[in-house]
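Q: The chain contents come next:
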Amino acid sequence: MQEFNTFNPSTLTQTITGFVFYAVIILITFFGFSTVFVLIKNGRSRALSFAVAVLYLVFFLTIAAQGVGILNSI
Amino acid sequence: MNIKKLFPGQQDDEEIILIVREHWFFMFTRVLAWFLFVLVLFMFDKYAPQYIPRLFEEPYLNFVNLGKNIYVMFLILGLFMLWTIYYLNVQIITNRRIVDIWQKGIFSQRISELTLPNVEDVTSEVRGFWSTVLGYGNVEVQTAGEKENFIFQNIPEPREVEKLIINQTGHYHGPAGNE
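So the protein lines, in turn, are chains A and B. Following UniProt numbering, the residues of the first sequence are numbered contiguously, the last one being 74. Following UniProt numbering, the residues of the second sequence are numbered contiguously, the last one being 179.
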């Protein structure tokens with residue numbers, strides 16, 4: 001408990017946190033871009049498929065950028 | 001005549017009569033389930049500071065914010081995948097055949113086709129309170145031979161779809177019988 005009270009983020013903690021965060025980003029990017037690819041390839045309305053894909057990418061990149069900013073402050 | 005192609009394998013002179021998807025109510029229930037996960041985030045923001053105030057002090061606050069950020073990314077991905085699978089799951093009735101495109105998952109798709117001359121019988125079914133109120137049900141297309149029957153599940157206006165298929169098959173089998 002004493003260690004917990006005096007806990008400070010160390011270089012190791014930052015490294016592990018960064019590793020976990022970027023592993024999650026890669027995973028979500030893989031599934032997200034796969035979904036975009038499948039949607040544009042198989043979607044019946046090109047315009048709608050592109051619009052939804054762009055909407056998703058904008059949201060995802062915004063949140064990811066925010067996450068990177070938070071990671072840098074750890 | 002230049003007919004727009006909307007699915008793989010569509011013939012040059014093949015005209016699309018109807019595109020059918022699952023009734024919107026089922027997408028709504030999935031979005032509602034997704035929304036419960038969004039609610040978890042709001043509940044955390046509202047109640048966690050009261051019960052675990054330590055978590056919202058430095059240096060833990062940044063880790064909490066990072067965790068929330070990852071959670072939101074999963075939420076957005078989940079909604080996107082939900083919508084994509086709903087949108088790509090479709091049955092198409094043309095003047096020549098019925099095509100069932102079943103998007104099982106992002107990396108899994110099954111396409112089944114049934115030519116109209118092979119349609120033996122079409123049955124529509126509306127069963128249950130919500131089905132009756134919202135107007136959705138199933139349409140089963142019986143095929144000639146040993147092929148599996150086509151089933152359109154939870155589609156809107158099943159009776160109209162049934163009549164449409166029967167009218168289309170009438171071009172091959174002769175006029176449809178009296179109702």
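Hints were generated in silico from the structure; no laboratory data involved. Accuracy of the hints is not assured; some may be wrong.
[As the list claims (entries may be wrong)] Quick list of the computed label-pair ranges, beta carbon to beta carbon:
# : chain 1 : residue 1 : chain 2 : residue 2 : range
1 : B       : T143      : A       : V68       : 50 to 60 Å
2 : B       : N154      : A       : N72       : 40 to 50 Å
3 : B       : W34       : A       : V68       : 24 to 34 Å
4 : B       : V126      : A       : T29       : 41 to 51 Å
Virtual Cβ for every residue (Gly too), placed ideally from N, Cα, C.
Q: Need the list of violated hint numbers for this structure, in ascending order.
A: Per hint list: zero violations.
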